[in-house]
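Asks: So the chains spell out like this:
There are 2 protein chains.
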Amino acid sequence: MLHPMSHPDFPTPPHKRYFEDYVKGSVFEYGPIAVEEEEVIAFATRFDPQSIHTDRSAAARGPFKGLIASGWHTIGLLMRLLVDHYLSAVASFASPGVDEVRWIRPVRPGSQLRLRVSVLDTRLSRSKPDRGMVHSLVQGIDQEGEVVVSFKAMNLIGTRESSASQAG
Amino acid sequence: MLHPMSHPDFPTPPHKRYFEDYVKGSVFEYGPIAVEEEEVIAFATRFDPQSIHTDRSAAARGPFKGLIASGWHTIGLLMRLLVDHYLSAVASFASPGVDEVRWIRPVRPGSQLRLRVSVLDTRLSRSKPDRGMVHSLVQGIDQEGEVVVSFKAMNLIGTRESSASQAG
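Chains X and S, in that order, are what the protein sequence lines are. Converting from the first sequence to my numbering requires adding 1 to each position, the first position being numbered 1. Converting from the second sequence to my numbering requires adding 1 to each position, the first position being numbered 1.
Excised from the complex, chain X in its bound form (with noise of 0.2 Å):
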């Protein structure tokens, strides 16, 4: 069982930021990312068009009676808060992958998402001591308070020691 502590946040800055920083049950908040309509447009019209998300007046008559982002924009804009605030900028590895990406309510333009992210679990790695894995609850939230999607990520973070071992 999660037993959150709400932090303001990390002790350390991103650029300074290792596996050990990652400690199971803190909660963070950052954000908020605006959803504007023009990206909303654009970001389908390339990579989901469906008229739900690209075709304003077609949306009107939809079932959400008006567009609503692509799934995939909104955790792209979760992605950019993530990059800025949580992840490591000098010891992040490729992630392996993310699990229960879930939509959960329609997010329209002029939505303002914040970031929820939760730490669930880490893992120093057996095989490679000088990283562990760190997975994490990414919630995004609009401007009333409602979670509108969530995925369970994974996160490959070196060690602060390992670092500082490789520096000396």
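Source of the hints: derived by calculation from the structure; they are not laboratory data. This one's a predicted model, so the numbers in the text were calculated from it and none came from an experiment. Check the hints yourself; a few may be wrong.
To be verified - If you anchor each label on the Cβ, the simulated ranges turn out as follows:
1. S:ALA61 to X:SER163: 21 to 29 Å
2. S:VAL28 to X:GLU21: 42 to 50 Å
3. S:PHE94 to X:PRO14: 28 to 36 Å
4. X:ARG106 to S:ILE105: 28 to 36 Å
5. S:LEU121 to X:ALA95: 21 to 29 Å
The C-beta atom is built at its ideal place from N, Cα and C for all residues, glycine as well.
Chain X is already provided as a structure; the job is to place chain S on it using the hints.
Replies: For chain S alone, kept in the frame of chain X given last:
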């Protein structure tokens, strides 16, 4: 267990495609779509600004010895192929989510990605029998035939029968 039956394509085009057209075990391939350096950098600059995706010279010194696409960009390119070729253009509901996203191999500018999509299961909704859930395995295949990314998609698709009864 899945018994693949590879088809050249659906019997129906996207604008005449309904839940009944998705048959468990079917496997389709579409594409390719190009991974272009300019778009790799532009996408990541906005949504995933890590230097392995945005900075050619820093990436050249990094673990992949060159730029690689953001994993979210790679998925965006596959989503474009899904919308153009696989999903119904007339009976798709908003997707509830995807599972088991895995970034298996780096995707470099200049790559050509094909979409391979396998119908894993189909289930008519009990509570709303005008639609059903299609579970699909989505794989991105590069020009060397390697699977570079995969995820499991859930798509709610309306039935032809309900569409016909509405039209009548």
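Asks: Hint by hint, note whether the structure agrees.
Replies: Consistency of the hints with the structure:
About 23 Å separates the C-beta atoms of ALA61 (chain S) and SER163 (chain X), a value consistent with the hinted range of 21 to 29 Å. A hinted range of 42 to 50 Å for the beta carbons of VAL28 (chain S) and GLU21 (chain X) is consistent with their spacing of about 45 Å. For PHE94 (chain S) and PRO14 (chain X), the Cβ-Cβ distance of about 43 Å falls outside the hinted range of 28 to 36 Å, so the restraint is violated. Judged by the Cβ atoms, the range 28 to 36 Å given for ARG106 (chain X) and ILE105 (chain S) holds: they are separated by roughly 31 Å.
Checking the proposed 21 to 29 Å range against LEU121 (chain S) and ALA95 (chain X) shows it holds: the Cβ atoms sit about 27 Å from each other.
Checked against the numbered hints given earlier, this structure breaks only hint 3.
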